[in-house]
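*Asks:* Here the protein sequences line up with chains A and B, keeping their order. If you're matching positions, the first sequence starts at 7 in the numbering used here and goes up one per residue. If you're matching positions, the second sequence starts at 756 in the numbering used here and goes up one per residue.
Since the hints were derived computationally from the structure, they do not count as laboratory data. Note that the Cβ used here is the ideal one computed from N, Cα and C, for glycine as well. The reader is advised that the hints may include incorrect statements.
[Unchecked claim] Stretches of chain A that chain B covers, calculated by requiring three or more beta carbons in the stretch to come under 8 Å of a beta carbon on chain B: (1) 75 to 85; (2) 132 to 144; (3) 176 to 188; (4) 201 to 209.
[Claimed, not checked] Reference excerpt, derived from the structure (chain A facing chain B, CB under 8 Å, subset only): (5) VAL61; (6) CYS62; (7) VAL66; (8) ARG95; (9) ARG97; (10) LEU106; (11) SER110; (12) ALA192; (13) GLU194; (14) PHE195.
Listed below, chain by chain, are the residues.
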Amino acid sequence: MTPAVPLPLVREVEVTIDGRLTRVLESATILEACKSIGIETPTLCYLETLTPVNVCRVCVVEVEGARVLAPACSRQVEPGMVVHTDSERVRLSRRLVFELLGSSVDLSLATPEFKQDMARYDARPERFNADPRATVAQPVKVDNNLYVRDYSKCVLCYKCVEACGTDAQNTFAIAVAGRGFGAGIATEFDTPLPDSACVYCGNCIGVCPTGALMFKSEHDMRQAGTWDESKQTVTDTICPYCGVGCTLQLHVQDNSIVRVTSPIDHDVTSGHLCIKGRFGWQFVQNRPPS
Amino acid sequence: MDLHLIPGAVASDAERDAIDGVLASGPKARHLLLPALHAAQRRVGYISEGALNHICVGLEVPPAETYGVASFYAMFALAPRAPRVVHVCDDIACRTRGAAAMCDALEAQVGKPGDSVPGGMATWVRSPCLGLCEHAPVAMVQEAGLRPADYDLAPVTFDQIRSVMATAPQPQPVRAPSAPQTLSPRAAELRLLRRIGLVDPQSLDDYRAHGGYSALRRALALGPERVLREVNDSKLVGRGGAAFPTGRKWEAVARSPVRPHYLVCNADESEPGTFKDRVLMEEDPFALIEAMTIAGVATGCEVGFLYIRGEYPLATSRLTGAIAQARTRGLLGDNVMGEGVRFDIQLRRGAGAYICGEETSLFNSIEGFRGEPRNKPPFPVQSGLFHKPTVVNNVETLVNVLDIIASGGPEFATVGTGGSSGTKLFCVSGCSSRPGLYEAPFGITLRELIDLAGGVRDGRPLRAVLLGGAAGMFVTPEELDMPLTFEGTRAAGATLGSGVIMLFDDTIDLGDILLRIASFFRDESCGQCVPCRIGTVRQEEALHRLRTSRSTNGIETELALINDVAQVMRDASICGLGQTAASAVQSALRKLPIFVPGGAS
Chain A
7 MTPAVPLPLV REVEVTIDGR LTRVLESATI LEACKSIGIE TPTLCYLETL TPVNVCRVCV
67 VEVEGARVLA PACSRQVEPG MVVHTDSERV RLSRRLVFEL LGSSVDLSLA TPEFKQDMAR
127 YDARPERFNA DPRATVAQPV KVDNNLYVRD YSKCVLCYKC VEACGTDAQN TFAIAVAGRG
187 FGAGIATEFD TPLPDSACVY CGNCIGVCPT GALMFKSEHD MRQAGTWDES KQTVTDTICP
247 YCGVGCTLQL HVQDNSIVRV TSPIDHDVTS GHLCIKGRFG WQFVQNRPPS
Chain B
756 MDLHLIPGAV ASDAERDAID GVLASGPKAR HLLLPALHAA QRRVGYISEG ALNHICVGLE
816 VPPAETYGVA SFYAMFALAP RAPRVVHVCD DIACRTRGAA AMCDALEAQV GKPGDSVPGG
876 MATWVRSPCL GLCEHAPVAM VQEAGLRPAD YDLAPVTFDQ IRSVMATAPQ PQPVRAPSAP
936 QTLSPRAAEL RLLRRIGLVD PQSLDDYRAH GGYSALRRAL ALGPERVLRE VNDSKLVGRG
996 GAAFPTGRKW EAVARSPVRP HYLVCNADES EPGTFKDRVL MEEDPFALIE AMTIAGVATG
1056 CEVGFLYIRG EYPLATSRLT GAIAQARTRG LLGDNVMGEG VRFDIQLRRG AGAYICGEET
1116 SLFNSIEGFR GEPRNKPPFP VQSGLFHKPT VVNNVETLVN VLDIIASGGP EFATVGTGGS
1176 SGTKLFCVSG CSSRPGLYEA PFGITLRELI DLAGGVRDGR PLRAVLLGGA AGMFVTPEEL
1236 DMPLTFEGTR AAGATLGSGV IMLFDDTIDL GDILLRIASF FRDESCGQCV PCRIGTVRQE
1296 EALHRLRTSR STNGIETELA LINDVAQVMR DASICGLGQT AASAVQSALR KLPIFVPGGA
1356 S
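Construct the entire structure; sequences and hints are all you get.
*Replies:* Below you can see the structure in the form of structure tokens.
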């Protein structure tokens, strides 16, 4: 017989968001509370499967009584909290974060949600175009056959570092190095990936929101001008290698696998894979030379 | 963890010995990372791949993370560099005394910053404020080798820098006194500066002969509860800039059921124009050690970390000596003063990062991580160093505790004003006749304080005062009757900050000063959050355009950009650095005739 386990005590607290009184779990963040009543909050460095680092500041909200704005992604609700998500201060900060990023980083491959949010806040990065203007533009790092790193597209959201570290892979091949505007994601002494601790799980690619980390296959096709997502299909399957049973999503263009992902809400993977599932699919398309 | 090291990189015997010396100082723990990096750099002048590997193995930290930490600090080099590095301050206080021209001359006649002189033995670099502003212009020399030595040149001349770079280090001349009130005729009523100039900072006996350790004796007799009450009654608030009530902080930690508790003394005094803590630590180091011990005993901490900025070599050596003497005499250790109380102090050196003066960055730095601030809440009293309840106090705050215990909290509260009790140390620099550290009761006006320091040099007209440091505000000559209290400066829309009072006369190019402040924040932003990382850059760029009249946008558009950036930095940055990175610039643009048609620059 199973011993009786007392149910955990779940408390709710009342908060007011944009004038609407709502009850949420006391452990909830402001972001979760907003979501529960249908308020859309832009996010960039936040991902359900990673520890919030609250560095991008695009999700900031105004909490009454606080001197500065609070990051919705990580600030826990408190009883009686009064939150404004669309005040002038909030709108200005969100717009400026988008503009500052847009003025220094290549956002051409950012997620559609990111671009929608930029439009929603009327972000006009070109305001900052006058000379001198520092950007993070730099050559693409191509040092292995599996993936490339284009840090001119990096917004420094820390997601890849988290996925490489304790939030997923525990490999610690990369970290944030340098300081200030010169900070960037790096291996030790910027050593090429094959000399680093990288195990090519590709989980950093899986969490990158701006296309800074990319399959070599995708990179090469984009270079050749043949990458065309409108011609791609996505097929769910189970990884054939081991018994874990990871769901793979095969992105196929012109009858070739061009990229592999896993759904973030998948029980087994939470979106993460290993080198075999992520990159080991060439045998499927090992066709005789034409 | 499966550590993957840098292939083929092996530490030299010298590096190995230096690093092992640090690793042997305690159980293997990540908080030895910063000391180990210092040891490697001090031995050979930079952190090599082999040294990094050796540290990573010793502490079981992945190389990428160690590299991330090492590359965070300005004083560490990660490529071979000359063993002797002269850090020449070109920050705002030194700029009022010719530092910019001196750096230009060095560049023209000695070489570019970072380039070695012939022979490869020495190089020079530009440095942010070295905290020696009363002696401006100044420089600090970092000498790596078997007998490493760091020392200041204050004041410094072009010829001195050139000769230090060309030859072996010279014996250092004794610096001029920093606190004019301690000279004859000595000011009456000095409290924080009471022993300065009278006591031998290297002698525990002399400290005791001047009343030292009577406060700790009394605190042990009173017990923690009474000490907390006295500190509460004193109405002491923090002197680091934020002015939080010290008693409330102490009480929160003392009452916390979570153990252990930690005490941290924030001696990472890096606010441009600030040197008060340095003078206290150099001239009266035992006072800080005694005060920390009282704080530790009152709040249930058995370990206190003293985190001092890397640019303070003399204070570091005085404190190291003081801690060692206190240990020998049973004033630190397992049985403090024979009363069965345990308290000891670990000294940690920063390595060139203004952000580490932010308390949560300081915790990360001690713990061996990048000095990036943490989000608050949770506050340090709940979750601070090693995520335990932590009391973190500035040096000046702690030294005040000695008087509070000696004469009682209520007596202390009679000095100063209702909202600001006690006396305050003011760092007067720039175009003052007698730059230096001054102590005055809260409530003295800005004008009175400037007069106390002899007014403006050569009787020239005053154009502006920077109050509170680079993170503070400019005030105009019309505002000099402002009382120097927390409430008085707040009412005037300014801030007392760390007690900086930097004077600018009519010979100073204020546009140049503003640009230096902007570039200071650009250099010192940790890079973690977008508003500060990019905002500080865009602020500097817009100022640069305004100054060189290269703007294609027009003044109005540039000012609108600067104001938008200022607001997002103030509202949405993670920590106080970003939140105040625009305040001096904003106050100057609002109040001073800079960058406007017909303006001075």
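*Asks:* Against each hint, give a clear statement of whether it holds in the structure.
*Replies:* So, going through the hints one by one against the coordinates:
| no. | hint | result |
| --- | --- | --- |
| 1 | 75 to 85 | holds (count 4) |
| 2 | 132 to 144 | holds (count 7) |
| 3 | 176 to 188 | holds (count 12) |
| 4 | 201 to 209 | holds (count 3) |
| 5 | VAL61 | 5 Å, holds |
| 6 | CYS62 | 5 Å, holds |
| 7 | VAL66 | 5 Å, holds |
| 8 | ARG95 | 6 Å, holds |
| 9 | ARG97 | 11 Å, violated |
| 10 | LEU106 | 4 Å, holds |
| 11 | SER110 | 5 Å, holds |
| 12 | ALA192 | 7 Å, holds |
| 13 | GLU194 | 4 Å, holds |
| 14 | PHE195 | 6 Å, holds |
Consistency with the previously given hints fails for number 9 only.
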